[in-house]
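Student: Listed here are the chains, written in short residue letters.
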Amino acid sequence: MKTSKPRDLFPGALEIMILRTLHRQALHGYALCQYIKQASDHLLQIEEGSLYPALQRLLKEGLVTAEWKVSATNRRVRVYKLTSKGARHLEREVSSFERMLEGVTRVLAPVKL
Amino acid sequence: MNWITHLCKRRRLYDDLSEEIREHLEERTRELIEDGMSPEEASLAARRSFGNVTLFEERGRQTWHWMSLRDFLADVRYGLRALRKNPSFTLVAVLTLALGIGANSAIFSLVDSVLLRLLPFVQPDRLVAAQNYYPQGGFVAMRTNLQAMDVAAYLEGQELNLTGEGEPERLYGAMVSAEFCSLLGVEAEQGRVFQAGDDQPGKDAKVILSHTLWQNKFRADPKVIGRRIMLGGVSREIVGVMPPDFHFASPRNQFWVQFHFDPRATQTYWGAPWVPVVGRLREGASIETAHTELELFQRRLLTMFPWKMPPTTWQTATVVPLQQQIVGEVQSKLLILFGAVALVLLIAAANVANLLLARATVRQREMAVRATLGAGRWRICRQLLTESMLLGIAGALVGLAFAHFGISWLKSMLAAGDIPRLATVSIELRVLLFTASLGIFTGLAFGLAPALQLSRVDLTESLKTGSRNAVGASHRLRAGLAVSEIALAVVLVTAAGLMMKSLWQLMHVDPGFHSESILSARITPNQAFCDDFGRCQSFYNSLIHDVRSLPGVRGAALVNALPLNGRVAFIAARFEGYPQDLGDQLNPLLFDSVITPDYLSVMQVPLLQGRGFVDTDTLPNAEPVALITASTARKYWPGQEVLGRHVKPVWENHWRRIVGVVADVHEDSLSAILPSWIDGAIYEPYSEHADLINRRPALEMTLVVRGTNDASSFGGALRQVIARLNHEVPVTEVETLQRVVSRSVSAPRSMMSLFAIFGALAVVLGAVGVYGVISYSVEQRTSEIGVRMALGAQRRDIQLLILGQGTRIAMLGVSLGLGGALVLTRLMTKLLYGVTASDPTIFIAVAISLTMVALAASYIPALRAVRLDPLVALRHE
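Heads up: the protein sequence lines correspond to chains A and B, in order. Its first residue numbered 1, the first sequence is counted upward by one per residue in our numbering. Its first residue numbered 1, the second sequence is counted upward by one per residue in our numbering.
Be aware that a few hints might be false.
What the hints assert, rightly or not - Simulated pairs of lysine-lysine, DSSO-like, Cα-Cα distance not exceeding 30 Å: (1) A:K37 with A:K60; (2) B:K411 with B:K333; (3) A:K81 with B:K9; (4) B:K830 with A:K85; (5) B:K830 with B:K411; (6) A:K60 with B:K830; (7) A:K85 with A:K60; (8) B:K830 with B:K501; (9) A:K81 with A:K69; (10) B:K9 with A:K69; (11) B:K501 with B:K411; (12) A:K81 with A:K37.
Said to hold, decoys possible - Chain B residues, not near chain A, derived (Cβ > 10 Å throughout): (13) V140; (14) P244; (15) E293; (16) A423; (17) A569; (18) E576.
Stated by the list, open to error - Which stretches of chain B does chain A cover? Using the computed rule of at least three CB atoms under 8 Å from a CB of chain A, they are: (19) 21-27; (20) 55-62.
Hints in this document: simulated from the structure, not taken from any laboratory. For every residue, glycine included, the Cβ atom is placed at its ideal position computed from N, Cα and C.
Construct the complete structure from the given sequences, taking the supplied hints into account.
Tutor: Written as structure tokens, this is what we have:
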């Protein structure tokens with residue numbers, strides 16, 4: 001049975017994933033959501049709605065921009081695009097995230113053996 | 001970006017967000033339909049995987065607010081509506097808070113004006129005061145020599161007659177050195193202040209008037225400057241009028257005259273009276289440097305005296321900020337009051353918290369509905385806090401009105417006491433700010449627990465069962481609040497009880513005389529009139545003769561310093577048989593009552609040994625005699641025969657033979673026989689030998705008249721007698737001796753009244769708190785009680801069940817409170833007389849009475865529980 005509670009990895013994780021995804025290509029909210037779900041192989045359970053407050057935060061910080069467009073399926077969508085500031089931010093975050101991940105892996109490694 | 005475009009932009013951002021979310025849901029629904037779901041199912045599934053739409057939308061929006069004024073206003077509107085819907089709750093809560101806040105604001109305005117507000121002088125932080133007194137010659141030497149500070153001297157309590165301006169009047173003022181006003185940095189309103197040199201002999205016949213005296217006596221005449229008036233029988237030129245707010249150093253001051261520093265008058269120049277000294281620190285000097293310099297200088301001063309001074313004359317040379325000097329002992333008193341009134345507010349806040357908690361249970365469903373509709377916990381919390389803050393602010397507003405009346409009442413009650421700067425107490429900006437923040441903070445404080453509790457609702461549970469859960473925790477919290485209310489009330493009531501007992505003890509102190517049916521009046525001829533002592537004495541003799549012949553008068557006599565009236569007449573004395581040179585010791589100072597022979601019988605002071613004075617003792621060539629009080633006799637001739645021994649002022653050659661021993665009389669106060677710096681007391685007959693510390697015979701006397709019944713009726717006749725004898729002699733302070741005695745305890749009485757009021761408030765609030773908790777619990781347990789009754793419980797059992805709950809609260813509260821009181825009342829030891837801070841009778845009485853109050857408060861709901869119809873109770877939901 002699915003739990004309805006969001007499983008947040010750590011504060012800011014969702015934002016990094018969004019930025020990472022937008023780094024590949026500009027997307028609108030729904031597509032972004034589907035992409036993250038698929039990319040994580042449905043391992044991460046994200047409440048779809050939680051994406052929007054995160055997007056608003058990124059917008060406010062100027063890490064992404066948004067623009068209303070018409071999609072291939074002919075619907076009005078608001079497409080988000082990474083800004084250069086967002087790209088720099090992503091780089092910093094990813095490297096610090098990787099360092100942290102490396103640390104966590106090292107600590108956890110002996111236990112797994 | 002200005003705020004309007006910001007608002008517009010925000011509006012668009014919100015719209016974008018809503019539309020985006022709608023599109024998201026539609027896209028998802030469409031996909032699911034394409035996967036084969038029915039439209040209804042698809043729409044539901046889309047929403048489910050999206051989560052709480054309202055909540056996410058709200059959170060998304062919140063990103064854009066730094067302060068959501070709109071939400072806040074909505075909260076305020078909603079809160080006002082909720083409060084209006086429940087007027088009785090709102091009324092009780094606001095009144096409770098208003099009492100607490102109002103009392104605090106009133107006391108704070110006192111603390112603010114008396115303790116916190118800076119003195120109204122130029123650079124008040126540079127003003128200091130030396131804590132020692134110095135002879136006038138010593139002050140002149142300080143003025144020329146000190147480097148760290150400029151100094152000025154003043155002497156309070158100058159009473160002079162103003163004659164030749166209508167009715168003779170007795171004025172109160174101060175003697176000051178020439179630089180006094182300029183040192184403080186005050187200017188005259190009219191004319192000028194004293195200037196350098198104004199205190200030299202020959203230039204010193206000047207006077208400065210207070211604004212009030214100028215208005216009342218001189219009808220605000222602008223041409224008054226330069227006029228000469230007769231003050232104390234001496235013609236003085238009016239050089240200035242001070243502004244209305246200047247009274248330094250006493251609010252009673254009506255005039256300022258100069259010292260005249262005359263080195264040739266050795267006795268006044270180096271002898272009494274010594275004067276207090278204020279200073280202004282010079283550039284670069286600190287209190288420490290001033291202190292060090294003064295300490296060194298004091299040693300030099302000792303060598304300047306024309307006679308040998310003991311090296312222990314001055315202990316140290318403490319220099320303190322002037323503000324501290326003025327506020328003095330009042331500080332601790334005010335802080336105790338402030339502490340007490342803060343406890344009252346705590347109780348009030350606990351009470352309102354309790355009310356809110358009770359209401360919270362009722363509102364659980366309302367909150368659950370809001371939560372279901374997407375309100376986050378913080379959102380609900382904020383809503384509730386806004387409501388309690390509204391209550392707090394309303395309480396502060398009403399409290400301000402209470403404070404307004406409280407302050408005028410406080411002023412009138414404390415007027416006779418010892419609080420400086422009382423007249424300046426008013427509701428000022430700082431008091432307003434204090435009140436406002438008190439309102440908001442108490443609002444937050446008492447609203448927090450109920451808000452947290454309510455916002456933690458378990459949705460499904462409360463929607464299902466209504467109002468029946470979260471009761472356990474809430475009830476414990478409420479009972480805890482009631483316990484702390486009782487505990488705080490116990491502390492306050494104990495304090496009030498101790499003060500009452502202390503005052504009761506004071507009032508039952510035997511002052512050593514009988515004050516019933518005695519009228520006193522102060523008679524003050526001019527110095528010039530009494531320079532011829534014979535003239536003075538015959539005036540007083542005729543006065544006594546004429547007063548005695550008034551109908552209803554049983555006796556009349558004169559005394560130079562009436563007991564309990566604040567005046568001290570003293571001599572530096574030498575006792576027969578004690579070594580002439582006391583070495584390091586200062587000569588003992590004796591309270592010297594100069595009396596006419598009938599004084600002891602009029603006042604009914606018991607004569608213990610020997611004889612009292614007779615008329616012949618007052619004749620010019622009579623042998624000098626004296627009476628001594630019992631405690632003084634014991635102190636200087638312990639276990640020895642006193643009659644026939646001798647005593648004299650140090651500067652005299654004639655020994656006075658002690659002819660009698662009289663019982664002690666409380667000269668200083670009901671709590672102390674003599675001022676702490678006086679070593680004993682003697683009596684001298686009113687003759688020309690009876691000279692006091694200024695080496696002059698006493699000339700200002702107080703007439704005491706014993707009547708057959710009501711003493712106060714002699715006033716008019718008395719004035720007529722004196723006017724007939726000498727129309728230039730003012731008669732003042734005409735009052736019954738009982739009034740004098742009662743005024744001497746006005747300071748402890750006003751403290752006691754304040755504490756009694758705080759205690760009463762605390763008890764009422766505490767009782768309401770207990771009542772609230774118990775009756776709420778009866779309400780909660782109605783069906784339980786129904787079950788118990790159905791199972792055969794007697795009404796008595798039910799009553800005990802409910803009362804038991806009240807008893808537990810009372811016991812816990814009372815014991816906690818007694819513990820707290822034991823610690824806290826120690827702070828007021830200084831305010832107590834004849835009772836220790838842990839007086840067992842008071843503690844026991846308070847424990848019993850507050851337990852009774854708490855039980856009485858829980859008795860009413862218990863009665864209601866007993867009267868429940870079991871059938872109705874069972875069905876109660």
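Student: State for each hint whether it applies.
Tutor: Tested hints:
1. A:K37 with A:K60: This hinted pair holds, its Cα atoms lying about 24 Å apart.
2. B:K411 with B:K333: 15 Å, holds
3. A:K81 with B:K9: 20 Å, holds
4. B:K830 with A:K85: Violated, at about 70 Å.
5. B:K830 with B:K411: Holds, at roughly 23 Å.
6. A:K60 with B:K830: 63 Å, violated
7. A:K85 with A:K60: Satisfied, since the Cα-Cα distance of roughly 12 Å is no more than 30 Å.
8. B:K830 with B:K501: 14 Å, holds
9. A:K81 with A:K69: Status holds; Cα separation ~12 Å.
10. B:K9 with A:K69: 19 Å, holds
11. B:K501 with B:K411: 24 Å, holds
12. A:K81 with A:K37: Satisfied, since the Cα-Cα distance of roughly 19 Å is no more than 30 Å.
13. V140: 75 Å, holds
14. P244: Nearest chain A Cβ is 59 Å from P244 (chain B), so the label holds.
15. E293: 63 Å, holds
16. A423: 57 Å, holds
17. A569: Holds, since 81 Å exceeds 10 Å.
18. E576: 93 Å, holds
19. 21-27: As far as the region 21-27 of chain B goes, the hint holds, because 5 residues have Cβ atoms under 8 Å from chain A.
20. 55-62: holds (count 7)
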